[in-house]
Amino acid sequence: MNTIAIVLVVGLILFTIALSIFSRRFTRTTADFYLAGRKVGSFSNASAISGDYLSAASFLGVAGAVYASGLDGVWYAAGFAGGFMVVVLFIASALRRFGEYTVADFAFGRFGSNRIRLITVLAVLLTSLFYMAPQMFGAGTTWSVLVGKGIFGMDPYTSGVVVVTAIMAFYVGVGGMKGTTLNQIFQFWWLMFAMIMIVVFAFGNGFNYPQALADASKTPIVNTKSMTVADLTKPDAKTGKTPYDAAATIMTPAEMAKVDEVIAAGDTKAKVAVALPSKNKLHELRDQLFNEPGHRYNSFDQFSMVLALVLGTAGLPHILNRYYTNPSGAAARRSTFWVLVFIGTFYILAPIAGLAGIGFIKDYLANGGTIAAANVHGLLVKPDQIMPTLAEILGGQWLMGIVAAGAFAAMFSTIGGLLIAAASAIGHDVFEKYIDPNASERKRVIVGKSAVLFFALLAMGIGLAIPKFGLDQAYPALIAMMVTWAFAVGGSAFVPMLLTGIWWKGTTERGATAGIFVGLFGAIGIILMNILQTLGVIGKDGIIGFLGSLTFPVLFTFPLSLLTIIIVSKLDGELPKNVDQIWMRIHGTANERHEKQHGLDKVGTMFAKK
Amino acid sequence: MGDATESTVSGVQVQHGDHIDTIESVDFVFRAQRKLSFTYGAIFFAVTLGIPASSVWWKGWYATPIWGGFTANYLFVSLLYYIFLWAMAWTYSKQADKLDLTLEVMAEEIAAKAGKEG
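In the order they appear, the protein sequences are chains A and B. So for the first sequence, this note's numbering puts the first residue at 678; every next one is plus one. So for the second sequence, this note's numbering puts the first residue at 14; every next one is plus one.
Simulated from the structure, these hints should not be mistaken for lab results. The beta-carbon is built from N, C-alpha and C at its ideal position, and this holds for glycine as well. A hint or two may mislead.
As the list claims (entries may be wrong) - Capping the alpha-carbon separation at 27 Å, the derived lysine-lysine pairs in BS3-like fashion look like this:
no., chain 1, residue 1, chain 2, residue 2
1, A, K1217, A, K958
2, A, K958, A, K1059
3, B, K107, A, K1182
4, A, K1059, A, K956
5, A, K1247, B, K48
6, B, K72, A, K958
7, A, K1059, A, K826
8, A, K1059, A, K1039
9, B, K72, A, K956
10, B, K111, A, K1182
11, A, K911, A, K1217
12, A, K895, B, K72
13, A, K1182, A, K1247
14, A, K902, A, K1217
15, A, K1182, B, K48
Stated by the list, open to error - Negatives, chain A to chain B, calculated, CB over 12 Å:
no., residue
16, F692
17, G789
18, L795
19, I1139
20, Y1152
21, I1243
22, I1244
Could you build the full structure based on these sequences and the hints that come with them?
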């Protein structure tokens, strides 16, 4: 790693800590700690939500997906952005109007039982853990790629996980939601700046979008893969051909000579990178071109992927919690509009970076340049390394430093939001409601901070365990896959309950509870089956084999949860006694008008002294 | 939530300070809001699912370059889809704000009527 990148990353960390210490002076109550005093304006909140949402999977993964898969990678980015339309149309303003602190509060207030509050808390914690896992894995792998060295005797991966956990636990615990909000605003604009700089440098170096797309689409996409010699020389049962034979149809004689050297050394476990032909999963008779769909998704997955992301976004608790920080329902809608502008701009730029990487890296290597990332046939073996590699080629150490800091900013902002969501579930929903309802404000805030520490340590344990279970070897794009799992769990557990709770007065407590239960455990069950199938523990036959093969379980579990709510509610028919008052709380505006009249809806006082 | 000391709840209405919502006025605006949200939702899902449908079945959409290497599919997914989302979110927010205003006017009329009746 270069010195400038180290300086910029350390600078980012120090600035982050300074912001948290600054915010500490203004975090005295639980409303301050969990909701930044409900005084976050639309623009600031939109920046913070965007920072919350754009994780390492978006910053490094989307450009990598486009680099490797062309149009299917672009479609993946569009799915992420589309999710916020569901939020703005169906959820944002109602959730804010209802008030309270958390999604579990909404469930309790809407349906009036401790049972639904507790199962919602469980769902929040499990969804947050599912989303935290890829962030921790990203922290370890990003540290390995960008820093490359371990500290205190730990290997680079472990060092990344431990350092990021320590920083996050400190800055979220000290700064609370105010500190996290300030940090997320800064971190979002930093990663946006990094993405803009990459694209500006690309155009400055002669990149022509339509022409580059035409050039990349002249010949079929080439896949890159790192394989053991044993796998490379193993014949396919049906065709009798080996991956080595396939690589020989793509790679040059000089490139194949290097592969032959590794094979000749005799170590069957030795790894070697090869280029392989691609298949079109959508139109099997067509070549897989860069500007056509089909590299990642077959016809079923073209639909299910986008629905998983669109429905899953509205079920991410760290995103939903942010809506409570708006001063009004209308402000919540405005925030979401700005989120769409910010992340839409980001997702327009990321595919440009991915496409630009193809030509620039190939030309750079062809002209004798060398890069740190493993490559073969002019292509990166790990597409997730496209952003730092392209930055170094286009803008040298400075631009690489900006991108390295951007990658850490993306991780910090998302982990911060997840820690606050988990802390509010433990500290607010469990401690304040059930363990010590009469606790002082000071004690409540201390419990919130302890919950941050506890959850951070739990996430660290998961991050460290992932390589030990071999998941990083089983899934080639593990970060993207784990993010999709989190979307599936949140989308199946919360979104049907929120949609029916907000839009159907006839939803009953038993119906909503059953829906959450079915959605939550249905999604987790299918994900576990997918993992077990991928690790070879269970087969591909029968109903279990079919369920285990579902890449995006939300397409199955979302309607199942929705149907469960509707059927059980119809059979039950027992509405809350005060359902009209609840209805007016969700859809009425008297409270907002009252706050407006007395100036309680004003923003910009998030850091006022009390 | 608002200032609890100024808020009272009765059988069919909610009052926060001088401001009142009745179940009838909220239900009226809810139905209008539901129509608005679900109309926009139908358009959003039709377009969002229309893209993969076209990718599967419409060759002219996914395989014919229209500008450099851009196919209609690539151009829409990489740029136009976001403009569509921005336009949808903006117009929806404005119309939802108008509905809120309707409820406000309706509530003020109710409050004024209640005042006259003493």
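Each hint tested on the structure:
1. K1217/A x K958/A: holds (19 Å)
2. K958/A x K1059/A: holds (21 Å)
3. K107/B x K1182/A: Cα-Cα ~25 Å, so holds.
4. K1059/A x K956/A: This hinted pair holds, its Cα atoms lying about 19 Å apart.
5. K1247/A x K48/B: Since the Cα atoms of K1247/A and K48/B sit roughly 23 Å apart, the hinted pair holds (cutoff 27 Å).
6. K72/B x K958/A: At roughly 15 Å apart (the allowed maximum being 27 Å), K958/A and K72/B satisfy the hint.
7. K1059/A x K826/A: holds (19 Å)
8. K1059/A x K1039/A: holds (15 Å)
9. K72/B x K956/A: Answer holds: K72/B to K956/A is near 18 Å, not above 27 Å.
10. K111/B x K1182/A: Given pair K111/B, K1182/A holds - Cα atoms ~23 Å apart, limit 27 Å.
11. K911/A x K1217/A: Satisfied, since the Cα-Cα distance of roughly 22 Å is no more than 27 Å.
12. K895/A x K72/B: holds (18 Å)
13. K1182/A x K1247/A: holds (11 Å)
14. K902/A x K1217/A: Between K902/A and K1217/A the Cα gap is close to 24 Å, so the pair holds against 27 Å.
15. K1182/A x K48/B: holds (15 Å)
16. F692: holds (30 Å)
17. G789: Non-interface label on G789/A holds, nearest chain B Cβ at 15 Å vs cutoff 12 Å.
18. L795: Given a closest Cβ separation of 22 Å, the condition holds.
19. I1139: About 32 Å separates I1139/A from the closest Cβ of chain B, which puts it past 12 Å; holds.
20. Y1152: Since the minimum Cβ distance to chain B is about 23 Å, Y1152/A lies beyond 12 Å and the statement holds.
21. I1243: Its Cβ never comes within 12 Å of chain B, the nearest being 16 Å, so this holds.
22. I1244: Holds, since 21 Å exceeds 12 Å.
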